[in-house]
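Here the protein sequences line up with chains V, L and F, keeping their order. What the first sequence shows, in numbering that gives the first Met the number 0, is residues 0 to 338, in sequence order. What the second sequence shows, in numbering that gives the first Met the number 0, is residues 0 to 338, in sequence order. What the third sequence shows, in numbering that gives the first Met the number 0, is residues 0 to 88, in sequence order.
Possibly wrong hints are sitting among the right ones.
[Unchecked claim] Derived contacts from chain V toward chain L, CB cut-off under 10 Å, selection only:
#1 Leu-94
#2 Ala-97
#3 Gly-120
#4 Ala-131
#5 Glu-156
#6 Asn-159
#7 Val-163
The hints are simulated quantities; they were obtained by calculation from the structure and are not laboratory data. Cβ atoms here follow ideal geometry from the backbone N, Cα and C, with glycine treated the same way.
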Amino acid sequence: MERMYEDMVTARRYEERLQEEYLEGKQPSFDISAGPIPGELHLAAGHEASGVGVCHHLTDDDTVTAPHRPHHIAIAKGVDLKRMTAEIFGRKTGLAKAKGGHMHLYDSDAGFACSGIIAEGCPPAVGAGLAAKKRNSDAVAVAFLGEGAIDQGAFFESLNFASVHELPVVFVIEDNDWAISMPKERVTDVSDGSQRAGGFEMPGQRVDTDDAVAIYEAAGKAIARARDGNGPTLLEVQVHRRMGHFMGDPQTYRSEDDVADAQTRDSIERLKSDLRDHGATSNDLTAIETAAADRVDEAIAWAKDQPAPSPDDAYTDVFTSPPRGVADQAEAPSQGGDD
Amino acid sequence: MSQQDVAERELTMSRAMTDAIAHEMRADEDVFYMGEDVADYGGIFDSTQGLLDEFGRDRIMDVPISETAYVGAAVGAAMEGMRPIAELMFVDFFGVGMDQIYNFMAKNTYMSGGEVSVPMVLTAGVGGTYNDAAQHSQTLYGTFAHLPGMKVVVPSTAYDAKGLMHNAIRDDDPVVYLFHKRLMGIGWMPAPDGPKTPVPDDPYVLPFGEADVKREGSDVTIVTLGLHVHRALTAAEQLATDGISAEVVDLRSLVPLDTETILDSVRKTGNLLVVDEDYRSYGVTSEVIARVAEHDPSLVTSVDRLAVPDVPIPYAREMEDEVIPDATDIVASIESMDL
Amino acid sequence: MSASESVTVDSDTYWPADVDAEEAIVTNWFVQPGTQVQEGDLLGEIQVEKVAIEVTATTTGEVTALLVDEDAAFERGEPLLSIAPRTDE
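So here's chain V without its partners, still in its complex pose:
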């Protein structure tokens, strides 16, 4: 539980600090091109329970795919925080040499990849499960997706494929009630997405309580089931979104009550109180919180100190074995005469 608390607090602090950094230069009026962090930013404050509840059952050999709101999952999975931060700040020493950014974080050592096309992280996770089965390893794959993703074709196809081939995959729906501005009930017929498992000969379970321990228990069962070769599971976990869909989202579609309500359902506070019940002292907890804050600040400071990429870096890394031609486009076209 302490390890979970540590990663949750780290994730929350990380998102809060990134929010500060991101908004720098973007006030008073939001200009997406201004500030130290390029592009969009989708922060996961409020999702922390899901990241730790699932990922703390996993090792580096297990593969996780995550959607565009990935930081809490990356932290819980053990992604290199400094290089992840450098990537988010668009620096050359980032995880992807600044070519991917916050929505495309890859850390193969930690078994983690995320992407920005809704539900499309599911098929590659299914593929990782397929590889594990073919190699007779006991690795599992976990695909995280939002509740807004369960209407996309890739989701259904992935459930079917994983089920018919009995693959070691766990699908985790993070339900934060909102797909950008669309509340769940406007776009989906089911209030419990895990019910969709029923159409695929697969168990489905929903954890309602935004509670790291409860999620940990449910995920543990699903992951064990997969490791034992008994096939995939569909989990849905309730979380909440404390900030907008992306930084800059004025959330005018959300009632004030809903925003306030989200603020009160804090899974971190809940775990903190659980830890106290188990005998943790204020000192213990403060120590964890301070260490987490330091780690986050250190990562951000390190990242901001990293060199920017050079414009010509754009031409490399298209291929693992580059053919001629792509890099040539960086040169001026040759003119006239014989070569």
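Given the coordinates of chain V, work out where chains L and F should sit on it, guided by the hints.
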């Protein structure tokens, strides 16, 4: 060409492909083939004939009609180090799985700054001439060549098919391998003379980015690919009787594209005809002519192109014959040039 | 090495059991006169109704003649090709 003392064994293009696939599968446990009807049926266009018997259902995998899931699964398995070959039964079906193709398969290497590789092959049956109409007759060469991150090859003979397949499987990048249905040597869709060639028993690799001069000539260069290599050769025979010497350049590889061989040829002949079975605008014909023009427009006197016009491919024979260029069209185009 | 008499290879050898049709076509030859073959090597393909059948060598030797042209039809029982058997050293 040296005289052959002993007549060599020839193969159809499909058998040359399966020859290469079988060899690579014997050599490497990580290679497997997945697609619709590839197991018992052996592929609708004979792409996996005979492989099920040797390798079994685990490695010659039938998949559900679920392109997003199984192409995405191939991506995920490849990212785990396996070497899947995923087949689109018809290239026209790319639409239902295109996100996994162009946003994941093609971009994961770049978006991760070169950290991950996707060593997979995406095979697809292409081409018309048998009245399968607009959704089952396309080649889409331009679509795949245009989007960054995937190598694209198009064999026109059995010899080329085997060498390109060995390379495609061994290459650490995603390779889109487009095989023309009419060239495979299927009983119910007879091939022209031409694709069936002697094929060495032993494995060999044809490099990507190397076009092949299939017929030398001095008056005009015909740059083409796939089925139209054979139509161009037929046209060249006809033109020879009219005293016109045509050189036929088989591109074999669209990404990377062998600009040098094209330039060498037009330097010699001074006249260029590009023939393509994909749509006319914004495609292969445009690209080849642009590459010559940006290098040195004074190299060519006459330039023309033949391609499928910008219409969906029609059903009735008269209309399909009208829109897909044939040898007569090639002859007519050249005879109207000022050579 | 001297070849002994050519042996013809009969199409009946390859006819599928449950097919009524008495006519077929040669869809592909993979060898030509002069090609050296081993017993079991793939020589060509025939198509009987919708079924594609492999024609494999019944003996080791050298192909001496292709008796039915590619894309041509033949009747069940007609010889397809001749091979001069070779006893291997």
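Note to self: Hint by hint, where does the structure go against what was stated? Just the numbers, ascending.
What the structure shows: Of the numbered hints given earlier, the structure breaks none, since each of them holds.
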